[in-house]
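Protein chains in written order, with UniProt numbering: chain R, 1 to 366; chain X, 1 to 396.
Keep in mind that the hints were calculated from the coordinates and are not lab data. Do not rely on the hints blindly, as some may be mistaken.
Said to hold, decoys possible - Computed list of lysine-lysine pairs in DSSO-like fashion (alpha-carbon distance at most 30 Å, straight line):
(1) R:Lys-286 - R:Lys-122
(2) R:Lys-192 - X:Lys-22
(3) R:Lys-359 - R:Lys-286
(4) R:Lys-192 - X:Lys-334
(5) R:Lys-122 - R:Lys-15
(6) R:Lys-359 - R:Lys-122
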Amino acid sequence: MTIQHKMIEARPAPKNTVGPVAWLRANLFSGPVNSFFTLLGLYLLYLLLTPTIQWAFINADWIGTTRDDCSREGACWVFVSARFTQFIYGLYPRGEIWRVEVTFVTFAALIAWLAIPRLPFKRWVALAVLVVFPIFAYFMLYGGHFGLPVVETHRWGGLMLTLVLAVVGMVGALPIGILLALGRRSQMPIVKSFCVVFIEFWRGVPLITVLFMASVMLPLFMPTGVSVDRLIRAFIGITLFQSAYMAEVIRGGLQAIPRGQEEAAAALGMSYWMRMGLIVLPQALKMMIPGIVNTFISLFKDTTLVMIIGLFDLLGIVQAALSDSRWLGFSLEGYVFAAFMFWIFCFSMSRYSQYLERKLHTGHKR
Amino acid sequence: MSVRPKAQSVGPKPPFWRDRAKRALIFQLLLIAAVVIFLLYIVGNTQDNLAARGITTGFGFLTNTAGFGIVQSLIDYSSQSTYGRTFLVGLLNTLVVSALGILAATIIGFTVGIARLSPNWLIARLANGYIEIFRNIPLLLQIFFWYFAVLRAMPSPRDSMTLGEVAFLNVRGLFLPEPQFLSGFGLIPLALGVAIVASIALAVWNRRRHEATGKRLPAGWISLGLIVGLPLLVLVVTGVPVTWDVPELRGFNFRGGVTVIPEFLALWLALSIYTASFIAEIVRSGIQAIPHGQTEAAQALSLPRNLVLRLVVVPQALRVIIPPLTSQYLNLIKNSSLATAIGYPDLVSVFAGTTLNQTGQAIEVIAMTMAVYLTISLLVSMFMNWFNARVALVER
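My request is simple: use the sequences and hints to build the entire structure.
Written out as structure tokens, the structure reads:
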């Protein structure tokens, strides 16, 4: 009997298990049923994509300024490019658009700082986003100080208004949401029931009735003679609505913190607000970020509803442009453009929240 | 019995603002006072404002004549009806579009969610594409797309798109044939009832026999045969007592049959497609939440693949799926209020829109509308909680 002392060289895998053909066989044609579905999928894709690509790219018209520049065979992107400034900035005075741009760039830089994990001073930047930036944005966008002329809110519109509404709703809802979530977990029966009723009320009604309420009933609640700006009414409605959803996200995060943390803090003689502010909330907020991003995405999509109470957000201004008599019949182009803009924002945010979830999820996973 | 040592009070009694119980009491009293003062302030302002505008409060307006027409109503309605009637019409329209939307969204959502987990790479990618596209576009935009870009761009009645010359789709809506039941049709629901009772009896008998002897019949197939076969048999025996009222082009529009207005179609399509993308994600994560060991253990017991799914994976996945599914159903019902943007006569559009504008009774109308949605939310969550408790894991 011979004993082999030498290790046998690893042999290459069988030919039919590697390479693109094997991949195709394993993933697309592993059996008659699978092959059928693959072919069906390919056929559906063909049916869907050919006319879409034909319409949106091959037969489309890109250059020009009026509708006569369009051949009407494919998409007429001239409609979008001719109105692009309006879609982004609304009726903001052309000479003052730099103010919007400066505000947005500042905001984007701050958010990017928060989103990139390696950068330091996160807490201070977050504070700047929540407190300093809104004041700065108010002076920049509304004006009236430092030599900037006032731009009335009825001139705000387009993507700018969508972003303003979403950010204000978010920044306003976060502190209220934290208070409501803490109240809902409180031992005090009256505080607790007040918070439960408040949260469940706003979560139980559609945003559109909230906006109707804000636009119809709010003027009735104010002292006689006091009128509230239409945009402020939308802000109030959206903030109240959003704070209820935010409270539920924060409650979920608070529940994930072990009780021992709070008990240990209490044993050190900390007061309630010190325990919450220094021990529980900093740990919980980190875990809540994916949930907060998700509610922000739904808020961002929900801001389109303000067009029903007469504000011109991105969708509202596209819809208004469609009824322009010089540009009748381009609804498809308008909607595709608006959908694309919303999609880019929502998709990238949802990707970011999934990335965070993966990062925070340190358990075992198959 | 152990006796607790009495706390030795060291020094003077602490002041009341250091006592936790008293502090909590004071804080809550302050909260109540703040809320009451706030409400009084609002009520006072509202009364002043209403007096200034000459609006009388109360629900008396509900019995006044509405004087406007509604394009779709499930109950008798004319412009002579009362405002109270407009409330009912709007409520029913909301419920119809919500119920059909939930049905369609569930079917599409489960299909796409399962397709997302398919071993077939292409099918999984397509399902993923569907989910990522439709859930990242605002619902209102999708409603506008279906209404203004698709259904409003349909051909005129003369050039309708048709399916076998019985169903027609054009700019005025979808026209479907309507069944007209002749005498003798009453036997068919009766036969269906008999079949259902027989199936239940069969299932009970089959389970007892299975427990006693270990033998079982394929009761599911037999029941299906009974429920489908018996009514069909009666239908054929009685000589098909149904005629179809097929829509016909007369003049500029179709007459006869059932008309589905384009507003309804657009809202229903958008709601179903949008909500289905969320349901698909819920179904996917629900199935993925089942540890793989469960499937492997079931396979080790040599259960066939369909039984692995039916007896092991699905019952456990449902537990994960149901709570978020409930909130999606509630979202769909609440989102149906976007109908007002395209003029589908739902509760918000008819009642909080036209009726509010005509009567000016803002507080009563908005309160009634919100109360309806709150009630629906509570009822649906109660039902789903009950269902959830039924399928919940019975732990020791």
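Here's how the hints hold up against the structure:
Note on R:Lys-286 and R:Lys-122: the hinted pairing holds, with a Cα-Cα distance of about 11 Å set against a maximum of 30 Å. Restraint check for R:Lys-192 and X:Lys-22: satisfied, since their Cα atoms lie roughly 17 Å apart, inside the 30 Å limit. Proposed proximity of R:Lys-359 and R:Lys-286 is supported: the alpha carbons are some 11 Å apart, at most 30 Å. Restraint check for R:Lys-192 and X:Lys-334: the C-alpha separation of about 26 Å stays at or below 30 Å, so the hint holds.
Restraint check for R:Lys-122 and R:Lys-15: the C-alpha separation of about 53 Å exceeds 30 Å, so the hint is violated. Taking the CA atoms of R:Lys-359 and R:Lys-122, the gap is about 17 Å. The hint holds against a cut of 30 Å.
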